[in-house]
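> Chains as they are written, first to last, in our numbering: chain L, 617 to 777; chain E, 617 to 777.
The set of hints was computed from the structure by calculation and includes no laboratory data.
In this text, a Cβ means the ideal position worked out from N, Cα and C, and glycines have one as well.
Take these hints with a grain of salt, some might be off.
As the list claims (entries may be wrong) - Looking from chain L toward chain E, a few residues come up when the C-beta cut is under 10 Å (computed): (1) Arg618; (2) Leu636; (3) Gln638; (4) Phe650; (5) Val674; (6) Glu700; (7) Glu738; (8) Ile753.
As the list claims (entries may be wrong) - From chain L, some residues computed to sit far from chain E (all C-beta separations above 12 Å): (9) Ser673; (10) Gly676; (11) Ala686.
Stated by the list, open to error - Within a straight-line C-alpha distance of at most 25 Å, the following computed SDA-like cross-link-like pairs (lysine to any residue) qualify: (12) Lys660(E) - Ala773(E); (13) Lys660(L) - Glu709(E); (14) Lys736(E) - Leu739(L); (15) Lys736(L) - Arg760(E).
Protein chains: 2
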Amino acid sequence: MRMSEGVEWALHCCLNLAFLEQDEAVPAVKLAAFHELPTAYLTKQLQALVRAGIASSVPGPRGGFRLARAPEQISLLDVVVAIEGTEQAFRCEEIRQRGPGGGASGGIQVACTIDVAMRKAELAWRQALAAQTIADIAATVGRRYPSTPVRVRNLLATAPA
Amino acid sequence: MRMSEGVEWALHCCLNLAFLEQDEAVPAVKLAAFHELPTAYLTKQLQALVRAGIASSVPGPRGGFRLARAPEQISLLDVVVAIEGTEQAFRCEEIRQRGPGGGASGGIQVACTIDVAMRKAELAWRQALAAQTIADIAATVGRRYPSTPVRVRNLLATAPA
DNA sequence: GTCGATTTACTCGGATACCACGTGTCCGAGTAGCGGAGG
DNA sequence: CCTCCGCTACTCGGACACGTGGTATCCGAGTAAATCGAC
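Starting from the given sequences, assemble the full structure and let the hints guide the process.
Below, the structure is given as structure tokens:
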């Protein structure tokens, strides 16, 4: 079970964008260069954020990406779901219904007990993710490393030509 | 982020084995036929359970697999880790250290805040899995579907020649 | 000097190859049980 | 009748192909800005 690395990229990008003025758009090439990421592939992840309504894109010169809403309104779960999709990691294929061990002789069983247990755990994971927002991360970073926010702003803000 | 379906197979197999006498070995071909699973591939998963110390295998005729310890001592996390491996889904690649946004000008940052947040969520997931055992599942199934345990026993116990 | 059309350059967006891991399969090593021969 | 030996058949175990999804890349569509010319 491996999470796409695009999630890490997306989270860092959201965090960096949170340090800027909210209506300032940053082109993908700058966001990529910031962490030496492949630009074209990062664009793909950013588009996923746009589709999910987390970020918005503005085309043309001086265009780029920006957060679509306040960092306080963006949970880590939102970002993870935007990149990884909505379906859960454990997927019950209902193998218990198949074969001689299936419900043929026992009638229709309502819920797979194993599936319920696995869903329970994954729900705990989702709740833990939903409880933390990009703003929380930004606040923690600003407290632990006060120089980071200004450095990000200086490097990502529209360069002085 | 997709979990291997082998996890589902392994969980169901552990559950079925939990219904039997603990020292009774069931060959892989029977466990596979029980849910119409490909025998050879299921064997691979069972071997993983053996390597993890969850199940034990006995070779030769009348051989097969059995649980290595009591169902109360087997958590869902044990099974998931046995199949999926120990490393977590979100892996921090430390991209924050790379590129102009890295710690070059800010000194060595101790912990990646994003990584900490993601680990926190995954820890909640692991704890939720560790809190549930195969015995719990078996008990729930026995309560909701009383006919299942005896059916499993009849189908998996050493057939009358 | 001001307004407007045109050009230009820059951005996103989706369509297209490549690669690794999970999926599926096979054959060989090892062992317990069974049968037969001998005592 | 009991014991020992050899054989057989059945099981696990690891080594070998295949397919799907993630990874990486490219080129085209669209747009805002800058430029040039006319008024």
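> It remains to establish, for every hint, whether it holds in the given structure.
So, going through the hints one by one against the coordinates:
1. The criterion of a C-beta within 10 Å of any C-beta in chain E is met by Arg618(L), whose closest approach is roughly 6 Å, and the hint holds.
2. Violation of the interface hint for Leu636(L) is found here, the shortest Cβ-Cβ separation to chain E being roughly 13 Å, above the 10 Å cut-off.
3. Interface restraint check: Gln638(L) against chain E, minimum CB-CB distance 19 Å, threshold 10 Å, status violated.
4. Checking Phe650(L) against chain E by beta carbon gives a least distance of about 4 Å; that is within 10 Å, so the hint holds.
5. The restraint placing Val674(L) at the interface with chain E is violated, with a minimum CB-CB distance near 22 Å, outside the 10 Å limit.
6. At its closest, the beta carbon of Glu700(L) sits 5 Å from a beta carbon of chain E; the interface hint therefore holds under the 10 Å criterion.
7. With its C-beta approaching chain E no nearer than about 7 Å, Glu738(L) sits inside the 10 Å limit, and its interface hint holds.
8. With its C-beta approaching chain E no nearer than about 5 Å, Ile753(L) sits inside the 10 Å limit, and its interface hint holds.
9. Taking the minimum C-beta to C-beta distance to chain E, about 21 Å, the non-interface status of Ser673(L) holds against the 12 Å cut.
10. For Gly676(L), the shortest C-beta to C-beta distance to chain E comes to about 25 Å, beyond the 12 Å cut-off, and the non-interface label holds.
11. No Cβ of chain E approaches the Cβ of Ala686(L) within 12 Å, the least distance being about 18 Å, so the stated non-interface status holds.
12. Pair hint Lys660(E) plus Ala773(E) holds up; C-alpha atoms about 22 Å apart against a cutoff of 25 Å.
13. Restraint check for Lys660(L) and Glu709(E): the C-alpha separation of about 19 Å stays at or below 25 Å, so the hint holds.
14. A C-alpha spacing of about 14 Å is found between Lys736(E) and Leu739(L), which places the hinted pair at or below 25 Å, so the restraint holds.
15. For a cut-off of 25 Å, the pair hint linking Lys736(L) to Arg760(E) stands: about 18 Å separates their Cα positions.
Hint check: violations occur at hints 2, 3 and 5; the rest are consistent with the structure.
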